[in-house]
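Asks: Chain by chain, the residues:
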Amino acid sequence: MGQYILRRIIQMIPVVLLVVVTVFIVMHMLPGDPILALTGSSSEGLSPEVIAEMRQQLGLDDPIYVQFGHWFAGILQGNFGKSTRLNIPVSEIVLDRIPVTLQLSGFGFIIGAIIGVGAGIIAAIRRNTWADIIVTLVSMMGIAMPSFWLAILGIWLFAVSLGWLPSSGYVSILSDPVQGIRYMILPAITLGLSLSASVMRQTRSSLLEVLNQDYVRTARAKGLAELKVIGWHALKNALLPVVTVMGLQLGRLLGGTVITETMFSIPGLGRLAVQSIMMRDYPSLQAVVLLMAVAVLVINLLTDLFYTYLDPRVSYR
Amino acid sequence: MTTETTRKTAVIALPERKQYDRSMGPINVLRKMIKVRLALVGLIILAIVIFAALTANWIAPYDPNLADGYHTLEAPSWAHPFGVDRLGRDLLSRVIYGSRISLSVGLVAVGIAGIIGVPLGVMAGYYRGLADDVINRVMDALFAFPELLLALALVAVIGPSLFNIMMAIGITSVPRYCRIVRSQTLSVREYDFVLAAKAIGAKNGRIMLRHIWPNVTSPIIVTSSLGMAGAILAEAGLSFLGVGLRPPTPAWGAMLNEGFPFLQRAPWLSFFPGFAIFLTVLALNIVGDALRDVLDPHLRHT
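Those sequence lines, one after another, are chains E and V.
Be aware that the first sequence starts at 38, since it is given in the numbering used here, and climbs by one per residue.
Be aware that the second sequence starts at 938, since it is given in the numbering used here, and climbs by one per residue.
One thing to keep in mind: the hints can contain errors.
Just some of the chain E residues that point at chain V, by a computed CB distance under 8 Å [as the list claims (entries may be wrong)]:
no.	residue
1	Pro-51
2	Leu-55
3	Phe-61
4	Met-182
5	Trp-186
6	Arg-289
7	Val-311
8	Gln-312
Don't read these hints as lab results, they were simulated from the structure.
Don't be surprised by glycine CBs; every beta carbon is placed ideally from N, CA and C.
Hey, can you work out the whole structure from these sequences and the hints?
Replies: What follows is the structure, given as structure tokens:
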């Protein structure tokens, strides 16, 4: 098992490298001179010698692979450069925002998983009744719904009209649990709903498949209470592909934080990405993109390993 | 007939359960009928959207960019069924014209993704070996970026023109096409007629073009329909964030962006464009699912 894990990690390395190189290449295709971006309008007063010296200092004269080497070495040490907007190290900004995005995506994931699995189970159990049809339709609509539109509707209903929930802002649940949750409800539901739609579908179809299997028949014939039959035997096996789907959709969830955080003014990584683009703060954008991509890769790896652990039939090739 | 009888004997020992699948039972016939109706509804909605896009010039009551400064932020009325935005432009006309942008973005983005992804997928699946490995790794790397974030970064780099947005969204969709085409190719290449073609000495290129390609089209069609839906959502998202199409372009996402600050005063500005996006994407999803049911009922629901 340990060997398998090691092998998977090694397999992941070239992909991570590719990701890193891609980010670097894309960022270097940016229009505009980096010197200009750093000094802004005051560069007009600088003499050409000073500019040339700056270029040399920043290593902009070196061949591209040398620049990449320096940049990569910096990344490994946690140095992502300086934000051109705020003039402080990017790593500081990013570190502040990681727990925020973690909280938001965590809640979103939990909500999405609970609603998705719950509704999927209901739909599978009460197959071909109205509950099933409603659940299927709702999941279909959930996938089609633009998350920001749903958020707008939610804000309009709960914040503007009813005034029950705040329409923006963030409170860490570590500092104030009640308020923290209150501020998280709308954003987390917005984020989690599209996840719940796909989870709903997958849970329903895989549970249906499992319920038709022979061992379920056996369990029923043995006289096991229906609840135990479904809740234990069937569900355990049905949830495997669901876990896979959840893992895969996590990347989409992270992408969704970009919109959700911007809408609700939540100071997380997604919002940082948008702000960086608006302010042309490319080092920050680079860091966020890199972080998120690596996070997705790690999550995929963990999901794979988790699945292997759960399903003994998968061989450790 | 015999299966029917043996089934009945097997079932006698257990209580009747709704969960056991009986394809010709009344419930499943009902389900099929609902599915067909749903597909029809999807097609009708899609037809309406396409119609609006094609005939926008004639059916839009006002010029979408005509700003009437005397009437701003008006609620829906007979003169302006969708209301008026903050610059005095009629929202209904803007929504109608917006369909053009959404549909064209969807089509072109999907086209780009297909043109890049399909050949790569066929090559990866057909040649296997090194090409397969390399292409797979590249696709894995692309797939690792959250789609919206990647499109965002690309648009930031290459600029927010209409075509650039289509390109960016298209590029982020490439891995999906590549994967699906590759797995289909993997199975098709084992078919007898492919082996036969190889036996008489057909060149690889010819095999790929004349034998593999026609059998790969059905998952491509399904993915394209669902992919268009995703592309439209992505474009709306980008425009909503302010990174995509900017005002005064009548794009649905941009309209939501404009309307958001006025949520309290003029909620209709946020409702109608969003509803248009929702309907279009829903229709595309329904049609895509229906196509999947028709073309290959063995494809798993994901």
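Asks: Confirm or reject each hint.
Replies: Now for the hints, and whether the structure bears them out:
no. : hint    : result
1   : Pro-51  : 6 Å, holds
2   : Leu-55  : 4 Å, holds
3   : Phe-61  : 12 Å, violated
4   : Met-182 : 6 Å, holds
5   : Trp-186 : 3 Å, holds
6   : Arg-289 : 7 Å, holds
7   : Val-311 : 6 Å, holds
8   : Gln-312 : 10 Å, violated
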